[in-house]
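Sequences are here, hints too, so could you generate the full structure?
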Amino acid sequence: MRLEYTERQKQFRAEVREWLAANVPTEPLPSFDTKEGFELHRAWERKLSERGFSAVTWPKELGGRGCDLIEWLIFEEEYWRAGAPLRVNQNGVFLLAPTLMEYGTPEQKQRFLPRMATAEDIWAQGWSEPGAGSDMAAIRSKAIRQNGHYVINGQKTWSTRAVYADWLFGLFRSDPDSQRHHGLTFLLLPLNTPGITIRPIKQLNGLTGFAEIFFDDVKVPVENRLGDEGAGWNIAMATAGFERGLMLRSPARFQQTARQLVDLYLKHRDEADADPSIRDAVMKSWAGAEAYALATYRTACRLAKGGHIGAEASTNKIFWSELDLLMHETAMAILGARAELMPHAPDAGDVGHWLDGFLFAQAGPIYAGTNEIQRNIIAERMLGLPRA
Amino acid sequence: MRLEYTERQKQFRAEVREWLAANVPTEPLPSFDTKEGFELHRAWERKLSERGFSAVTWPKELGGRGCDLIEWLIFEEEYWRAGAPLRVNQNGVFLLAPTLMEYGTPEQKQRFLPRMATAEDIWAQGWSEPGAGSDMAAIRSKAIRQNGHYVINGQKTWSTRAVYADWLFGLFRSDPDSQRHHGLTFLLLPLNTPGITIRPIKQLNGLTGFAEIFFDDVKVPVENRLGDEGAGWNIAMATAGFERGLMLRSPARFQQTARQLVDLYLKHRDEADADPSIRDAVMKSWAGAEAYALATYRTACRLAKGGHIGAEASTNKIFWSELDLLMHETAMAILGARAELMPHAPDAGDVGHWLDGFLFAQAGPIYAGTNEIQRNIIAERMLGLPRA
Amino acid sequence: MDFTFEEQQLAFRDAIRKFLMVEAAPEMLREIWETETGRSGELRAKLADQGLTALSVPEAFGGINLGDLDWVLVQQELGYFAIPDSLSATAYLAVYLLNHLPADLALKREWLPRIAAGKARVAVGHPINPLVADARNADLLLLCHDDEVHALRPDQVRLRLNPSIDQSRRLYKVEWSPSAETRICNANAGRKLWAGVIDRAGAAISAQLLGLAQRMLDLGVDHAAQRKQFGKPVGSFQAVKHHMADVAVKIEFAEPVVHRAAYALAHNRPQASVYVSQARLAAGEAALLAARKSIQVHGAMGYTWEADLQMFMKRAWALDATWGDRKYHKTRVADFLFAPGAVLGPGETFS
Amino acid sequence: MDFTFEEQQLAFRDAIRKFLMVEAAPEMLREIWETETGRSGELRAKLADQGLTALSVPEAFGGINLGDLDWVLVQQELGYFAIPDSLSATAYLAVYLLNHLPADLALKREWLPRIAAGKARVAVGHPINPLVADARNADLLLLCHDDEVHALRPDQVRLRLNPSIDQSRRLYKVEWSPSAETRICNANAGRKLWAGVIDRAGAAISAQLLGLAQRMLDLGVDHAAQRKQFGKPVGSFQAVKHHMADVAVKIEFAEPVVHRAAYALAHNRPQASVYVSQARLAAGEAALLAARKSIQVHGAMGYTWEADLQMFMKRAWALDATWGDRKYHKTRVADFLFAPGAVLGPGETFS
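Residue numbers (this note's numbering), protein chains in the order written: chain P, 1 to 388; chain Z, 389 to 776; chain Y, 777 to 1127; chain E, 1128 to 1478.
Don't read these hints as lab results, they were simulated from the structure.
Every value quoted in this text rests on a predicted model; they were computed, and no experiment measured them.
A couple of the hints might just be wrong.
[What the hints assert, rightly or not] In silico DSSO-like pairs for lysine-lysine, Cα to Cα no more than 27 Å straight-line:
{"no.": "1", "chain 1": "Z", "residue 1": "655", "chain 2": "E", "residue 2": "1454"}
{"no.": "2", "chain 1": "E", "residue 1": "1359", "chain 2": "Y", "residue 2": "1103"}
{"no.": "3", "chain 1": "Y", "residue 1": "794", "chain 2": "Z", "residue 2": "693"}
{"no.": "4", "chain 1": "P", "residue 1": "267", "chain 2": "Y", "residue 2": "949"}
{"no.": "5", "chain 1": "Z", "residue 1": "655", "chain 2": "Y", "residue 2": "1103"}
{"no.": "6", "chain 1": "E", "residue 1": "1359", "chain 2": "Y", "residue 2": "1008"}
{"no.": "7", "chain 1": "E", "residue 1": "1454", "chain 2": "Y", "residue 2": "1004"}
So, in structure tokens, the structure goes:
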């Protein structure tokens, strides 16, 4: 055990910190759930890519920096510390890319990854369907092969960022007679393909963070298939593993929130101590963020030594989503009557971002597999309790 | 709505307070889970019965005071306030007696109730079996009718107070071919009947608060049957309803604990505030005890107006058991390193009773139907959610 | 000792519920909230027909002269149907203020009948709230300045809108200059009046939070009973059942606390303020838990604008911090609970 | 950056685990606990054979001179198998004290070899604990008086037994008179020494609490998998699964915190004390939750003396409040966290 950074790691941190200090927009960008904000975030990703910072863990030749997981954690720490913009292409970079690298053909990697790194292509995901949320194997959208194409008919929903994104990756039923996990195929397609209709879904904050996608005889060339026909489920599970696992929520994000919460508490200390649960929650928040960071470093080091992500995917998901709720509920409690003000309210001052974060935190225990599903997974796969 | 006591009620309170002040033992009695303590508690019950205080809600002619539920609440308030002994015969008085009054023959009432009021007979209950805990309908102990008797073979367990009690009431399978809720019969029998073996079960605190009971050709005369043969389940459910319902845990008990917790906190305030969750928990404890008292008064008033106990039985059970845990966990947190000392430890001072209460509180969410079962009942019967 | 409501109180509550079920369906509220004022004169008129605006107004001024205990049941319904702040501010809080003004009969004569008839909206502003709800379309503003009560006409104030996450709320920063001409009650009498307003706002909001909690529970149960996953209703999964059961328990034990607070106000019990704060905390806890559990049971649907749940969640989050947030109410409880010689424990529940 | 243990550290841990699985089975511990001292010379000898008593003793004195990081893995096993306090007090805390004594080589020469050989028990007493564990059968007592370190022989102290709910604990009120003859270290040097002892006790107890939590989780899972109700294992009910999953999550995120604390001690990191207190709180939370959830999953069985669960529950309850209770450790965390200019946030995890 050696809990110190190497010189190389320290230099990398210094480089990232310096670059971000010089390049992070001084004014926060508008939300990427607006057309204008989306394009500004795309431009930011392009800017990041000039240094290979848009996908630091990728090989250099694909537009990354060839970083290992520790360097990735360092990058994330500096990124959140600098208050840099949210990552509009994270579905592509963190969810699809690892799968592409594992299952994609050399041609596919060359075709998709560099454009992803430069954000020329921004990706949305097409997993869920109206009848297939937590129960993903209930997918019904069909992709029937017809001379060199798959013809897609059906519907996807809860597709994050799909309103403005360029490409979609998702699972479709290529064998109409198949059941559950069988006969599913993983396809990549441009969202401007004829026959696609996108209906934005308005979320709690009034913005359209996700969308329903309707497919009406949408033709997708066979070369856009990732992996073998019918092998989609296993490929998707790998992605889902990554999603819930290490990279969906880097610890730095929560350490930054915890630090801001400590500042918020200290700023309103006398008033806040009137509700003693606040001080206790602030301490728990800091401790929780630290614990999450430590657990992530440990996992990263194990992976570096050839280990695999196991139930951490599920324990992480539960831990960070509940921590994020605790931190934002505590901020709301400190802010009291001001907490309800929208960020653009003239008298909201600089606290509006807490409301945004509070609303977003509500989704944490729900998406990427509800925490109830995660607890089942832990109980059955990690603890070996019998299935119902 | 009128939240004031009548003159009559005030006089009753005054009478009870005065009597208890004059009669409550100055030294706390030894635990009734010891032979000596058991007999001292029996004597105390007899003392109570001289004023009809051992069963205040019973009709006078059966040894009670003919109190309504409000007067019962008043009695309990004064009883807990005075720090009077625990009720060694509560299984009889609060669980069996209401059932006897509803289903017993006039002879049975005359035969059993007055002796119960004077604690000549102290009752234990025989519900659970090794294979039938939460799932009471899985009872397998048989009671086969043979010329004027039922012959019992089988085993009961978790029988509270059975080690020293005189009589047992319980459910037995009188129809060997019956399934689940059918073919069960409610029987009353002396624990010294030949063929009965009692094996004390040591509990967390080292005392034998309950026991296993083995039946080997135990003969019980038919006149000891409560209600019809095979009707045992419904009769028992009525008892279970009372048990989980209004009378198992009177609010006064928790109000007294909450009050003692406030005193404990104030006594160690400066030190305790180092853990801000303590102050918050003390406030929640008081508020919880008040809420439980108010809800109980409301239920009592509704019953007085002809209402029935419904899901309150389950919501009460969950609420008081979790409140009791919160209060005692908080006391342990205040006491810190002293909390582990047994009451008889020379340097324990006067705080040992908190440990006793803490251990007992662990059983709250488990017995009389686990809180998981209670939540199922609430979800299915009160909210109408579908069964699994 | 009788901890139940009178038949006619329950009957009135039921009538209001039936009425609001029809007239205040979520889709109608959504329409109203899209409007600039966020208020509907039409709905207000109908509420007046139901007698809601006349509830606390003395008969002499055309009202029916009912009290805090009658209001509490109504407030639970106002919460359940997410009726905006203006009704309660006008018909309960403002009327309380006007009723208890030392003198100034003229003002009472001018406003109480119009309020009773549903023809006037009154905004009530106190520093405990940084902003004033519904100041824009108020015909009269009753504002606090150093414990004094001031009455202002719309043309005497400058307003700045502050959007809330709860679209049903219309909050304004109010700029105005107190003067001898606007003052209708001095600080001495005012102090007591404003204390009474804060307590009644507390009772009203506790009851509304209860209603909101019940609504969110009902929405969660409905969704769970209909939505299928893994081939069966999600409501048949034990985890979902227990989420909903936890909410039911919280509501069950918050309601009597709220009712005691209303009774204590109606009968000027010495500990009324403590009971109100206890009610605020209990009902707030129930509402916040209901929001969290109901959105969880809704799954992704709960995170959308389309699902009605959001209307009630946001209102619960907002109301829980108005007219005194949890810090304020915990302070009032602590000041009572930890005071030397506080009267606590068995037998003191109604003292 | 490498947050994993060395192969031989893990191998040693595994060997100890295998050993204790056989030698410290619950039924054996129960027997030992029934004895008057509650300790077994035989078991101590076997632990010595495993090298546990020699772990921190310098080679010069017959030890193997390992450090805090090696201890932390062992301590988790000591917790999992509920090994009584005496071993850790003697071989970890007392040895730390003796090792760091300014001078007094004689004392080291007298005791360190005997400790390493498993031939001596040492009790360590500090006012942070009202009582001293295992004072009765100690060959030497190292006691604190105004930050001084005093060394006493059994015949120099008067002892009063105080039974604990944890039968494995033997707690004594120790009456003794400090004198120049008993003092082995003055207050100045002693202050630093005792701080080191409290931190190491903290690391040891956090690790033991982790082990206890894991044991209670395992017992709960075993019971739930075997015990049938309503015709199926209770472990197949979602509510039971989620109880156990919650415990698994708590353990998963407490363990690295404990390991960081041990590393920080081993490397004299400036924030070591804060990390230790954070570890105490995280591991304590995990252990208390494991106790509550495991007894719930056990049902009535969990409330009995027969079920092994009680042995581990009671030990967890007791240890959580020794060598500083939650109040103490929260204070140390707060003093760091809320100090002006505290170094927090992303990138500072290992600073």
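A quick look at each hint next to the structure:
At roughly 15 Å between alpha-carbon atoms, residue 655/Z and residue 1454/E fall within 27 Å of each other, so this suggested pair holds. Taken as a hint, the residue 1359/E and residue 1103/Y pair is broken in the structure, with Cα atoms around 47 Å apart against an allowance of 27 Å. At roughly 25 Å between alpha-carbon atoms, residue 794/Y and residue 693/Z fall within 27 Å of each other, so this suggested pair holds. Between residue 267/P and residue 949/Y the alpha-carbon distance is near 23 Å, which keeps this suggested pair within the 27 Å criterion.
A threshold of 27 Å between alpha carbons decides the hint, and for residue 655/Z with residue 1103/Y the separation of about 24 Å falls inside it, so the pair holds. Between residue 1359/E and residue 1008/Y, the direct Cα distance comes to roughly 20 Å. Compliance with the 27 Å bound is thereby established for this hinted pair. Distance restraint check for residue 1454/E and residue 1004/Y: the Cα-Cα separation of roughly 47 Å exceeds the 27 Å cut-off, and the hinted pair is therefore not satisfied.
Comparing the model with each earlier hint shows violations of hints 2, 7; every other hint is respected.
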